[in-house]
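My request is simple: use the sequences and hints to build the entire structure.
Letter by letter, the chains look like this.
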Amino acid sequence: MSSPAVATPLIALLLVTTSSTLGTSIIFRYPPYPSSSARLMRPLPYRQGARHGLDGMYQASHLPSDEEEEEAEEEQVREMEASGRWVEEQVEYLFPRPIWESRPTTPLSTRSSSRPPPSPKLGTKLKKDYDTVLSFSSATLAEILEPARELCYQKFELVVDDLAFVGHPVCVARDGVWRMDNIAPPSSPRNEPTEKRERISFFHLVLVLDRPDPASYHSADLSSFLAPYHAQVAFKLTAGLVHEEVRAEYVSKHCARLAEMQERVRGKGGWYDQFCDEATGEAGDELARVMREVFEAVSRDGSARVRINHIVVDVQLPPADDEDEEDESENLDLEKTVYGWVPRLRPWSALLMLEEVDELPEEVEDQEFRQRFFDTLEPTLSLSDMSNLLDLDLWADVYPLARALIYTRKAKLVDVVRENLKSVYYPTSSVEPCPADHFHDFSRAFPTLPHLATILSSLSLSPVPFSSIVPASKDRPLYLEALIWLLKRNLLQMMHVRVRLIAPQELKESFALHRARKLSMTMTEPTSSSYSPETPFLANGLLSPMLLQRTRLPVHQPGSEEDSSSDQEQEEELVPGVIVDPGRASKIERRWLDEMNRGKEQRVVDLFERLLPYFDGKTTVDEILYRTEVGRRDLREVLHLYDPYVSLEPGTELSNNPI
Amino acid sequence: MRPTEPDESFLPRIQAVFYAVFDPSKGPKVAYQVPEGLVASRYAPPVPLFDFNDVSEFVIPKTQLCNRLVICTTPTHKIAGFPVLLEHSRYTRNEFRFNCCFVFKRNADLGCLEPVVRKVGRVLTECEQDSLFLSSPLTAGRIYPLLEQLYEDLNSYSESSIPLTPHTTLDLKIFPFYPNPSRVRDWDVPVALVDIRSKLDGSSDVTMVRVVQWVDGVRCVGRIAEEADVDLDWVRGCVEHLLYYQHVMLLDLFSPSNIYMLTPAFKYLAMDPVVTSECPVYVTPPTKTPLPWSTLLRFYNRFKPGKTVAEWADECGVWDEVTLDACRFITFGVIKGFLRRVERYPPRSPSPGVVTPGTTPPAGVGVSFAPPAQVPTELLQLLDGTHSGDELCWMFGVSWEDMEAWLARIGGVPLGGKEEHGRTRADLGRVRIMFR
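One line per chain: the protein sequences are A and B, in this order.
Oh and the first sequence: position 558 is 558 in our numbering, straight run, nothing missing.
Oh and the second sequence: position 401 is 401 in our numbering, straight run, nothing missing.
Since the hints were derived computationally from the structure, they do not count as laboratory data.
Predicted, not measured: the structure shown is a model, and the values here were computed from it.
Treat the hints with care, as some may be off.
[Said to hold, decoys possible] Straight-line C-alpha distance at most 25 Å; calculated DSS-like pairs for lysine-lysine:
| id | chain 1 | residue 1 | chain 2 | residue 2 |
| --- | --- | --- | --- | --- |
| 1 | A | Lys474 | A | Lys488 |
| 2 | A | Lys600 | A | Lys587 |
| 3 | A | Lys128 | B | Lys62 |
| 4 | A | Lys125 | B | Lys26 |
| 5 | A | Lys268 | A | Lys128 |
| 6 | A | Lys155 | B | Lys336 |
| 7 | A | Lys155 | B | Lys62 |
| 8 | B | Lys62 | A | Lys127 |
| 9 | B | Lys307 | A | Lys618 |
| 10 | A | Lys236 | A | Lys127 |
| 11 | B | Lys62 | B | Lys26 |
| 12 | A | Lys618 | B | Lys336 |
| 13 | A | Lys422 | B | Lys26 |
| 14 | A | Lys410 | A | Lys488 |
Printed below as a string of structure tokens:
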């Protein structure tokens, strides 16, 4: 599962609008001063130890004039590497950007009307503060982000050096009216005669991304990396905004308000971040707040629920593909990257809520049903148990809700937590963030339990049931709580046990021996058998084991020729063999299985036969129990009785009680 | 959303190349294009790929976008260019704007072509500055063949060399893009995946030649530096270089005290015909008869957390009958991805057993504690749960047994007696070892 703290390359949200009075401008940006990460033109001197040969050519051509200077420079590099401050100081390593001195652009009408700032020097600074975004002039950037009308109402994607701009520009229809399918624009403007305001003719909510290291989208191209940002954020929000613009002039209204607010703050000599604070504050503007919430959620890969008037928009990037997922991995297709991915739900898995549900998902209409669902939901109940308890259909009712919860990261899919804590848990290989943080949180959450390091250490020494660390049965509820805490933080995972059947050498030998005996018996009592008298071994009267092999055919019902030959070659090497798919055992494998059954109680044999198809090394014990409806105790008994032929994966022993 | 079309090769095909300029009277226009008519057509067929007017503001853009790589998209195509603005009094309006653009399908991955687009823009700029290669009517006629050659060569051979002026040649080659290699640590063991030595020749880097001789799948980076008598930093660099080109992969240092466990991938790979056929041959010394896969499967199955390789080998009898090379046996599993190393992380917890509520400081932080004799002081600082056993052993140049003894001293528990010897221990008093 992806943890919600992963940062995404989103660095800013811009709202570009066009109206006749303001022209095309960036009406609001969040955060106030976005910046992209520094790009280098040459590798930095190596981070460990002395300088690295990679930068040798540059160093050779820029040799310091004397030894002292060289030492000073090396000292400087070392210091910068230690502090990470190289960006400001080692300008010569930065990738050069073209610098175009800003020419006097057409002054925007708003600026001319603003009060002159206190002092001319502060004025230029203030102007720079407001009008520079990501080293572009704000007016130019706005014009760049206003594409031709033909490119409106479709995905916009522009890459400039290391920045990617993604959005969904929309504009007014040619007749000057905002339209959206099946929504009529307000019938007549005389409903609100007092509020005659200039309507915007174009708006574009742009996501600015610092292009990530290509390694992070190596499996796909940049466009498919950007696709979810468009589909899940820009498109959704734009759709809501257009709807409300058509219905209630939402964007026009808020843009006018923001422009007015900005003018006021700027007139008072306030910086852009002051304006930004005010706009996104309590008394600020709703649209600005929406932009801030969305930015804050998406930039740390979380989810946000924002309201555009009455329209509720859930915004989040799709959950990342889980690499640890044990399912057959399908190819990462575009659908999956854009619309997200939810692990395959299994009736025998459970849902673990990651946070309290304050607002129940909208997907379910029935309030009472939702209440019942969340009251019942426990990680100790499998999804199929849930559907039985609530008398719901697993596929039609439980799965969609579970999927929605997982998709919005409110819950995660786990293996059913058994209340007796008998399952084997093992620490996951990745611990994010620093283990010390977990230690601290854990000792705060569970002050009476041993230190987390102690717990993880005892669980990880060898695969043991979680219950083995519980000192007394009265402590079990607390430890159950601790286990759920650990599962939520992805520190533990359940060890899945699978069963494989192996026909060991002894079995094959005993099988061969047994058959030999049976054959010799049939030979001594030829009258009781139904063979025809012309069978070859009767002719010479003596049988060597070798002859037995060859004269086996008449003993059984006349079988197919290739069967006998394959039998022969398999038996000739009496080496242990794996029964790959016991559910579809070949003839010889079937005989080994019969050999395994020999001398067992009929009840056990029946159980074994029922479980057999799932002893293929691929089905987990939980799945076996669900599919066969055999009890855990019975399964354990079968595995004990068939111990020499059963191999548990990953290497666990029955004595450890993994089942 | 349209489904992704399968790419013919890993390099995207250039659909068209065009050269656009800013015409002082007509504005942005396409001067030359290959294939003819695909970008802006004056005659009816063929149908252009897109309407040039839609994208002209990105092809000949505002000044602030000039001399930057600009990739814009239409519903079906991507246009990558490097718009250039030259300011000089010799031009009408005192400036000259041009852009040599490459057109790709919308879903093309341009990662490896971006440097090519940049270079074409940069080299043409220099030619123009030196000899008015683009703006002079004398040489302007050579632009079309240039585009033609770019289109043909890059699509067919992924490289091109085009003489432009007597002094300038446009040399291009498309290199596949590889992600940055992971960090190489001194205790990592590089294992060759190809025959690296066959790829070296007389002109190879001398350090690389020396380092490669010692890449044998047994020696770690630190050892290679010692044996090859090469600076440690340079060995790291060489190994990173080999990693980048996927010539080696990194494994752990093999030691009998290592612990391994099976990964979930085992359930598929255990019966994979490639694994079952390769493994017996790979893990058996040349003179011996390979063991059957089912036996090896059992051996693999006995790897589990808490069991060291030494214990595992005792259990399977691998030491006695030398029909199996334990090191290669483990390496095989790790390379195939069904076996993984279980690392030891020794954090220091405040006290063994139950701790007093509310007073628990995080491990390794804020506890003033003098190390016992014979234990390096620096070790204490590293017991915060982020440093693995391998790292500590390498740093202090000791084996895990010695490290364990030190940790037991720090933890305040007696060293294991004879019966304890060789057993895996997690509880060392104040030091707890986490395996993961």
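Against the structure, the hints:
{"no.": "1", "hint": "Lys474/A to Lys488/A", "in the structure": "23 Å, holds"}
{"no.": "2", "hint": "Lys600/A to Lys587/A", "in the structure": "21 Å, holds"}
{"no.": "3", "hint": "Lys128/A to Lys62/B", "in the structure": "19 Å, holds"}
{"no.": "4", "hint": "Lys125/A to Lys26/B", "in the structure": "38 Å, violated"}
{"no.": "5", "hint": "Lys268/A to Lys128/A", "in the structure": "16 Å, holds"}
{"no.": "6", "hint": "Lys155/A to Lys336/B", "in the structure": "42 Å, violated"}
{"no.": "7", "hint": "Lys155/A to Lys62/B", "in the structure": "22 Å, holds"}
{"no.": "8", "hint": "Lys62/B to Lys127/A", "in the structure": "21 Å, holds"}
{"no.": "9", "hint": "Lys307/B to Lys618/A", "in the structure": "24 Å, holds"}
{"no.": "10", "hint": "Lys236/A to Lys127/A", "in the structure": "33 Å, violated"}
{"no.": "11", "hint": "Lys62/B to Lys26/B", "in the structure": "16 Å, holds"}
{"no.": "12", "hint": "Lys618/A to Lys336/B", "in the structure": "18 Å, holds"}
{"no.": "13", "hint": "Lys422/A to Lys26/B", "in the structure": "80 Å, violated"}
{"no.": "14", "hint": "Lys410/A to Lys488/A", "in the structure": "11 Å, holds"}
Going down the numbered hints, you'll see the structure goes against 4, 6, 10 and 13, while the others check out.
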